[in-house]
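Chains as they are written, first to last, in this note's numbering: chain A, 1 to 387; chain B, 1001 to 1280.
Be a bit skeptical, because a hint or two may be false.
Once the Cα atoms are required to be at most 30 Å apart in a straight line, the calculated BS3-like pairs of lysine-lysine come out as [stated by the list, open to error]:
hint: 1; chain 1: A; residue 1: 171; chain 2: B; residue 2: 1076
hint: 2; chain 1: B; residue 1: 1079; chain 2: A; residue 2: 171
hint: 3; chain 1: B; residue 1: 1211; chain 2: B; residue 2: 1223
hint: 4; chain 1: B; residue 1: 1079; chain 2: B; residue 2: 1223
hint: 5; chain 1: B; residue 1: 1076; chain 2: B; residue 2: 1211
In short, the hints are calculated from the structure, not lab data.
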Amino acid sequence: MSAAAPSTPSTSTTPTPAGTRTLPAVTEGAGVWTTGPRGALLGLGVGAILLLVVAPMTLSGFGLDLLGRYLCMAMVAVGIGLVWGRGGMLAMGQGVYFGLGAYIMAMHMTLADTTLEGESIPTFMRQNGVDRLPELWGIVQHPVVAVAAVVLVPTGVAGLLGWAIFSRRVKGAYFAILSQALAAAFAVLIIGQPVLTNGSNGLSNFHSLFGWDLSDSTNRTILFLVVAAVLLTMLAVTWQLYRSRFGELLVAVRDQEERVRFLGYDPALVKTVAYMIAALFAAIGGALFVPVVGIISPADIGVVPSIAFLIGVAIGGRATWLGPVLGSIAVSFAGTQLASVFPSFWVYFQGLLFILVIGFLPGGLASVTGFLRRRKTSETIEMEVTR
Amino acid sequence: MNRDHRPSYLEIRNLRVVFDRFVAVDGVDLRVDQGDLRFLIGPNGAGKTTTIDAVTALAPAQGSINHNGHELVGRKTHKIVRYGVGRTFQTASVFEDLTVVQNLDIAAGLRRRMRDMVRSRRGVSPRIQEVLEAIGLTDHQETKAGVLSHGQKQWLEIGMLIVQDATVLLLDEPVAGMSQDERDATGDLLAALAERHVVIVVEHDMEFLRKYAQSVTVMAAGKIVAEGTVAEVQASPLVQEIYLGAAGTKSLEEARVDAQLVGLDPDAVTADSAPEGAKN
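Bound conformation, chain B alone (with noise of 0.2 Å):
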């Protein structure tokens, strides 16, 4: 919820990214509202992380990017964090040497005074001790953030991105490494900040997909090739000729792999026939 109470959205409209002369994201137009929990899926190199760095202007955009009426393309990106886009990224990046309280003191403290900065921290914020609980940290406040499990970790990053006020959360690969219950943890949490956050996820586990996904954009090759309901995109022919069809670029193990990942039957994918095959 942004602060007219309106609720947020992110809008990309015709986002270009190119590295030298090779095109990462070629014109990629994505409009995710509060309420949403989005899932953004692809083969490896599709495209999907880029376009995350695009908004976080890690990657050099092209296009609009939009959030509640800011135009983001062009700026810095701490500018586009005061802006309310958070991100994670797919290693947890917490600040190992401090404790998880001072972590999510520093990501509070955007908004601060001067007056503040200068003072010491006293006690721990309702705030925080609110977040604490939300990602089940509470009984580790003081641990120093390296020592945390990963899944502690990404929960711990996700806690910061609350606390910084962020309106949209994106969110790279947030269950990769963790255990079923960790999973489940976090899908429980994320579908609870989808409420009230614009909640963009990059994910290849299509088991925790299927559970939690509301929406899910399907990108290839820099373009976006589906987008709807979870049933809508498996049922896409493209999108089973993308995880079916590719036995002639890859090997056919990795293809198998990646048609089970969407949950399609990997025995479709045979060296000769697969592209055909799938479509049918």
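Isolated chain A, as found in the complex (with noise of 0.2 Å):
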């Protein structure tokens, strides 16, 4: 604490302007801003029951392998929903953070493989004529570097890049485009070293993680309750986020940036931390999306992948705790089904929702309850003033 303390002001040589005038005592529903930790608890576990318990029970190996997908998905969906909702930051190349985790951990995956194979270096590799692994490779060989690296790169980068955007004050719609940038600079990075990265094909045909098998049925079941596990945590996490001194301090950044320098606080920095926590989420989605789905490749991390995770998270109620997570699955199981049928089509369906949502329920679905309550209370005012 501060040593400055006595700056108050005594409460009996302060006079009190209350009274002056009142307004009706507006208190709307908690449930809009934070849910309290009863409802945190009932969500979590009612999401907890559904996917570790049910999903694995009624669902086939295939069906829990696509369901698996979407979880991965959602884990992005997830920091979205803390960097745009919360902190205002169109966070269009989450591809980015997404790939960085995915491709740590398939570079490490295809070395394990290729030592259990008794070969020196992964089989793409000697097709490009490369006869030494290359060091980048070399250092991921370690399971414990390579979960280390899936966390500590894509942060360490979500960091400076966020650091170096936003203290120079880039905001709004340039923030967006440049990070959707990012998004296309690094897939085209990924395509143009075929030698690194086995350029577009991608890195896929993994038969282990960590020594187990991956084509073994209780092996996926198991890999899948650690990806449900670990979204279920990450759920945790920005609840207690949203509701800590953090949280308010972000959605106060995002309002209004220039009033809290006023406070003493650097919104860049703020901004920056919400940025690399989102930026570890996609990471981990990636890192689990390719022992689940068995392939990453530049098509999974580019512009358009970026975007799509948007859109679960515009759907779903950006500034929601549960919003992001729960549009993030709809529509990618909306995507699947709709896909099979027409495939041509549901790009430009895709598309169509979006600026839908964006344009006419900018909250999501999940403020189609919060708007009806609000009118209702408006009602209870209006009748109060006239009365």
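Once you've looked at the hints, go ahead and assemble the two chains, each given alone in its own frame, into the complex.
Given below as structure tokens:
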């Protein structure tokens, strides 16, 4: 605590302007901002039962893999909810961090499989005429290093980029465009290094994860349970984050960045921290995506997938706690269903959905109930005022 | 009061603010000590708000601005705030989506440790409770700041300055748009605050000024033209000329309104004889 406490005006000498004018006290339902501990436990509990018990018991192996894939994408959505919904930063390039996490994991798994097969370098490298393992690959050979890199590399990149961007006060549409350009550049970078990354083919055909056989159905179920548990943990973390002082500060920065500066905070720092957390979530999602789906390629991380991550968040309600994750899973599900019926139509439908939600329902589907509740409240206020 | 328990002060020396080639503030020297309630007045475009902007690094400053031994020129806004300089704006800028308590809590969080940032707020701290009472918003602590009245928002802003441990309070037209009762309450609050803070108020309301100002600095065209008590400033021929003798540069009505604001007879302003007449 600071020693400047005596600057408080003592209440005896300070007149109170209270009572000069009163307003009807409008206390909006707390659910719009934060879900209480009981609601959060309920939400997480229902999610845990559905994902950890019901899904493994009812779904086929294929269905479980598909759901696992949705959950990995949803992890990116949770991070986007944080930066975009709470922080006001339209991050259109989360594919970069998803990709970083995914490629680090894919490199490690490819190496592990190569070692199991008794080879010294991956097949695609040999086909490219490489006879020595590149140093970049050698680093992630050890599983602990690989996991550490999944966490540290994307977070570090996000920290550097975020600080460079936000301390220069780049925001709004400029930030959105910049982040999207990053995703495009990252995809180009990966395609342009076929020796290191296998180019646009990506990395695939994994057989094992940390020594576990990925073709074994029990192992796959365990993998799914891990994915679900990670997502539930992320949700618990965001729930605490949203009701923490940092969460309040982030909303304050979103709504009035300049004012926050006059409270002595550096908004760039607040935004960078949020951006780093979102990057971490995306990276973990990417790293788990690889063993679940079995392939990572530039097509999964460029501009289009980066924007696709946003759609679910927008539809679910970007500023809400569960909106992004539910929206993301719903859009992924709808995408799979519709894409199998109308393969070429789905992309247009996705775009249309995005425009409609942003244009007419900026709070997402989650805002519908809040909207109805607010209308009711404002009616009661009007009654009080006219009375 | 700063941490050494010596009285706080703000000392501006030879301040210049230049936008492109326009000199908005031209060599201002101003010292305000704790215990004083200083009003900064002057016609539109005199450079009052620009001076405050310069102190808080919103406008490019040249010269020296010293607060309790810290040089502020060249520092970033959030650093200056951390030295204890707080300000309000002409239009109240509270966080409208957050409640009154959340607003105060964010303002009080400046010196909070990392661990406390990831925790949620539990209850209302005694300090915030005290400030809530001082600014008369105890009954509205869970109200969203956006639905407060204009006056209440201004009080909330002042409360935010108090909890952020500001030692210098720069208030830009705090009573604009307030009712008479609200003005009086604000004036009493400022008078109480001035005992422990350096308080500088930019104000157009001359009635409010006469009632609460302990000292007045008059600016015109980027320079300080007079300084002293309310009576001294009103008696200054230079001040009278500025407020009465401006008939050539603005409409007669505007000059009369300005004259009335400083407490001079508006009828003394005439289209032809104003400057000379005022000097006599």
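Checked hints:
no.: 1; hint: 171/A with 1076/B; verdict: holds (19 Å)
no.: 2; hint: 1079/B with 171/A; verdict: holds (21 Å)
no.: 3; hint: 1211/B with 1223/B; verdict: holds (25 Å)
no.: 4; hint: 1079/B with 1223/B; verdict: holds (27 Å)
no.: 5; hint: 1076/B with 1211/B; verdict: violated (35 Å)
Violated hint for the displayed structure: number 5, the only one.
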